Amino acid sequence: MIPLLRIELYKIFHRPRTYISFGIITAIALVIQLAMLADGKSFVGFALQAVSEQFDIKGNVLNGYLITYLILQTLLIHIPLLVALVAGDALAGEANIGTLRLLLTKPISRQGLVLVKFTASVIYAMLLLLWLAIVALGLSTLLFGTGDMINLKSDAFVMLLKDDILWRYLAAFAFAGLAMMCVAALALLLSVFADNSIGPIIGTMGIIIVLTIFSTLQLPIFDAISPYLFTTHMIGWKGFFDAPVPYDAIGRSALILLIYTFVFVAATIFVFNKKDILS
Amino acid sequence: MPVIAETKELTKRFGDTLAVDKLSFSIEEGDIYGFLGENGAGKSTTIRMLLGLIYPSEGTVYIKGTAFNNRKRHLLQHIGAIIERPDMYGYLSGWDNLRMFASMSDKHIPNARLHEVLEIVGLKGRETDKVRAYSQGMKQRLGIAIAMVHNPDLLILDEPTNGLDPQGIAEMRKLIMQLSKEHGKTILISSHLLHEIEQVASKILVIHKGRKMVEGKAAQLLNPGETLIEAETLPCEDIAAKIAPTQWQQFVQNIDPAGITFKMHPGQVPALNKWLVENGVQVLELRSKHSLEAYFLSLTHDTATPDRAI
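In order, the protein sequences belong to chains Y and W. Everything in the first sequence is counted per the numbering used here, starting at 28 for the first residue and increasing by one. Everything in the second sequence is counted per the numbering used here, starting at 93 for the first residue and increasing by one.
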């Protein structure tokens, strides 16, 4: 398994398009940071309009922690897309360029190949998140400094003290890793059905977008299924910015994401083991 | 010789389509086994079943006497293959591709072996180039290097001359002979081109619409006594009348004003040519066509009597 994983990572990181994702993350973070540098004060003023009449808010509100929190909103759509670009390509891309049949004439098991593809996709997703942490958290705190963080919610706002924030980000990134692992597993599952990577990538994003609509629309019919959708739990990282932190809800979300991941990977192995390789 | 690969009643259905129908054959050690059939005859499907890429609907593949499905991973150690096009990772060098596939073997393969196979296939000095810069012939050669790097007993080459120019085809033929004679490999080579197979194969299997039509030693199938000679001539109205009373009449297969087809030993061609010229028939060209080609055509255009023995 280890030599195969090394090969898989070698392939991923020798492919120029792999680095486009890191460029996109950098661009997203920089665009938000530059926008906040240019017009951040009015943004914060607008955002705090409702509470500024009752509270006197002073200090460096527009700080690196708040900017990072804004950048992390991209975890719902943008980062899953970048993860799907690699995981959705994992099997379908090999089928498309014709290397899948060559791979499977070597003495490796199909199950082993799926697990290696999944592990490599997860490692790639983790590196993306690490890079996001560096450019979002690192650069934002460099550019905007640190300070207490205001987390504005629809019905409340949470004030987090400066010294009580960093661990929350570490925990949030770790949770985001779970969510992206689930996305990678879904993209890999779709990848097994296709002979080119466009379908799995679009399919993954389509499923995430549709299920996110189900998760966010406040309609009774969707309320019944929403707790069971993985997209509902992908935003569980936000819980780390509540006070007190809802550990039970976060733990439940993490468990559901793990179950979905397991089911997606198991289904991929099952389908791939039965599949005739015609590509 | 011991049997290295064998199929018994191998059958594959895709929905209602029967791609391979109860195909049984065996490959002995040292064979260059020619697997011949038209496009769509079921050659690639059979080869994919031999390699475990496609699951048979019925029947069994045996490698070295062991049912393939029972010990697939272990048995693949004995096989190297290129299937249809030699597709590899274009953004990596030839060396990287070779090293990568070599490391998938259960045994450690030293770099010296990689250099050795590059030397054998004639890619030494080009291994650091990106594969996307390779010609089709170079890709085929790298494909063979990848197939044989773990020193398998059986090489399966599915249409290895596809997309090659005449020089590339000749070089590939030479390489296949070299792999058999100098490196002791048993080779299964498939093609839809008879002349490709007949120049290298020691045994030949012809399939049509997924069924075995004929299997036998190439030397037997290529009996020179059965050679067809096509004589292309300028229009000659009384040619039939001229031939009728002569000894050549017994060899005539077909006759028309623009040419005659004879079935005879190639050694008789010079005498035939002399007679034609002396009797005022202006010969443009004499072409020999092995009987296997005619036989192959008759087999693949008449499926009523499959599985004939030679």
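No lab work stands behind these hints: they were computed from the structure. Since we're looking at a predicted model, the values are computed, not measured. Treat the hints with care, as some may be off.
Claimed, not checked - The calculated lysine-lysine pairs, modelled on PhoX-like cross-linking and capped at a C-alpha distance of 20 Å, are:
hint	chain 1	residue 1	chain 2	residue 2
1	W	K156	W	K100
2	Y	K85	Y	K189
3	Y	K68	Y	K85
4	W	K366	Y	K38
5	W	K366	W	K355
6	Y	K301	W	K222
7	W	K100	W	K199
8	Y	K302	W	K164
9	W	K199	W	K164
These are the hints, each one checked on the structure:
1. K156(W) / K100(W): It holds: about 14 Å lies between the C-alpha atoms, which stays within 20 Å.
2. K85(Y) / K189(Y): holds, 14 Å
3. K68(Y) / K85(Y): holds, 13 Å
4. K366(W) / K38(Y): violated, 66 Å
5. K366(W) / K355(W): Holds - the C-alpha atoms of K355(W) and K366(W) are around 17 Å apart, at most 20 Å.
6. K301(Y) / K222(W): violated, 34 Å
7. K100(W) / K199(W): violated, 30 Å
8. K302(Y) / K164(W): holds, 15 Å
9. K199(W) / K164(W): holds, 16 Å
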